[in-house]
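Chains as they are written, first to last, in this note's numbering: chain P, 1 to 291; chain X, 1001 to 1260.
Simulated from the structure, these hints should not be mistaken for laboratory data. A few of these clues could be false.
What the hints assert, rightly or not - Here are some chain X residues the structure puts well away from chain P; computed CB gaps all over 12 angstroms:
1. 1055
2. 1065
3. 1084
4. 1103
5. 1151
6. 1157
7. 1167
8. 1195
9. 1217
10. 1221
11. 1258
Claimed, not checked - Computed from the model, here is a short list of chain X residues facing chain P with C-beta under 7 angstroms:
12. 1143
13. 1222
14. 1223
15. 1233
Keep in mind the model is a prediction, meaning the values are calculated, not measured. Note that CB positions come from ideal geometry on N, CA and C, so glycine has one too.
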Amino acid sequence: MIRIEDLSHRFQGAQSPVLESLSLVLGEGEYVALIGPNGCGKTTLVKHLNGLLMPTAGVVSVDGMSTGDKRRITEIRCRVGMIFQDPDHQIVGMTVEEDVAFGPGNLRLAPREIRARVDRALEAVGLAGLRHRHPHSLSGGEKQLLALAGVLAMDPRYLVLDEPLSSLDHASRTRVLDLVKVLKEKGITVIHVTHDMDEVARADRIVVMDKGRIVADDAPSRIFSRVEWLKALGLAPPYPADLAWRLRCRGADIGAHVLTMEQAVNAICALRQTGGIEERFEEKRIDEGGL
Amino acid sequence: MKGVFKVYEHQGTGLMRLDPRPKIIAAAALSLVCLQSGVPFLVLATLAAAAVAAGARLGPRRLFSAVRPALPFIVVIFVLHAFSVQGDLPRYFGVGPVRMTREGLFEGIILAWRFSLLVLAGFLLLATTPAASLTSGMERLLRPVRALGISSHDLALMVTLALRLIPTLKDEVESLRHAEMARGADFAAGGILARGRAFSGLALPLSLALFRRCDRLVAAMHARAYDGGPRTDLHELSLFARDRVIIVLSVLAGLASFFV
């Protein structure tokens, strides 16, 4: 469990704090999406989870270990793996397998153990065939999979994704997301910072931040039913949820649980069968005829 | 700039799996021989280098492409010696006061030979050793300098990161250049001076971009539990009898080069 208590953070020389007395508990096996407008402090917050940043006030603890405890910081960084936005900024090795070996090497594991972990991690992300390649020659998606392999080789319990998919095409994005889903099912807690609302819809829980504070923390269906509030924050709900909301505004009988395209299609088809939407189509046709 | 990391191509020959330490020592010994040994020893060294090249399946074309960048330098050395060394004048060559002597010709050839072999020594090492294995070999060989307060681990990691950042740096220059070109800068116009000035305009944004990049890289390294000091490596370095033989022979050859 990651426990954040009364966390405040102020960058040196800054007027106002980036994070202000923020508290949050991230449980085992959860998939939490962290959203909020640009500059709301999402990245600053997640950098506290593995001690890359230290709280100005308050405490962050991972499985009971405070990130302020210098002797436990390596253990904390093993448990909390982190993937950053730009894959080029996180590759250290000269070859794919060397890069994956960087983390285990820092733990001073025996070469045999490193080899086993590297093989396992590369197998898990599907890059085993590219192990001798120069990381620079990989595609953007492959680079992020490589970053993921580098983290998996550390055997993490928590996986922090700081907008790692924003520069990827649809296919690579899906590939990484599917892998994250598999990891989640294996019991790894996922904390996913993102602007992409379709990615957010995959989460069990959404934490919304604004101006350094948490302004909402709820299930996706509950968050996305507050469409006007989201829009006021500068965020947009996923397209299907927006569609459902617009239909609801027109009086259609659609519940707030619509988050994915699949659910939207089902809900609209259900409407047609109950006749809830037929009437309006009828009216429209008459209108057009009148013109 | 392309050189260092484009040289190695993974082929899985036995030479490439060899421990990097004997290879580094052998290349160093070969360099010493190139620089100071007499012709008989030079012939032996050339044969040894040829054997290594054959073992690594590096054909004459690859070898020549390695020497090519140094070719102008080698030609200048040859010409300078061929025409300046005093001695018997062969009847068939020479214009006015510029005459090629037999001794000069001989000396020029030897020097060109030495330098080509020196370049090849480096090339053979780089072409048969993955950069990662090269740096871990260096790290092991440099461990004694820890007595001077320098951490060979940090040194090795530094070299790896430097090598790793070269292609990234190249991309960064390219994207900055394009950004400037999109705003009307012309990198192709004018003489060398004008072009140099155009490129010097990239220096500041490039340094800024690099610092930002390094900052992020350091954060990513810390996130993967990097904490300075000793690390372990994917490749286990262990010396077999064969490696020891190579090391001993190389050290002997290196020492002999001072006398033969």
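Right, here's what the structure says about each hint:
1. 1055: holds, 20 angstroms
2. 1065: holds, 19 angstroms
3. 1084: holds, 44 angstroms
4. 1103: At about 47 angstroms from chain P, residue 1103/X clears the 12 angstroms cut-off, so the statement holds.
5. 1151: The claim holds: residue 1151/X sits with its nearest Cβ about 14 angstroms from chain P, beyond 12 angstroms.
6. 1157: At roughly 8 angstroms from the nearest Cβ of chain P, residue 1157/X sits no farther out than 12 angstroms, so the non-interface label is violated.
7. 1167: Nearest chain P Cβ is 4 angstroms from residue 1167/X, so the label is violated.
8. 1195: holds, 27 angstroms
9. 1217: violated, 6 angstroms
10. 1221: About 6 angstroms separates residue 1221/X from the closest Cβ of chain P, which leaves it inside 12 angstroms; violated.
11. 1258: holds, 35 angstroms
12. 1143: violated, 16 angstroms
13. 1222: holds, 6 angstroms
14. 1223: holds, 4 angstroms
15. 1233: holds, 6 angstroms
Comparing the model with each numbered hint stated earlier shows that hints 6, 7, 9, 10 and 12 do not hold.
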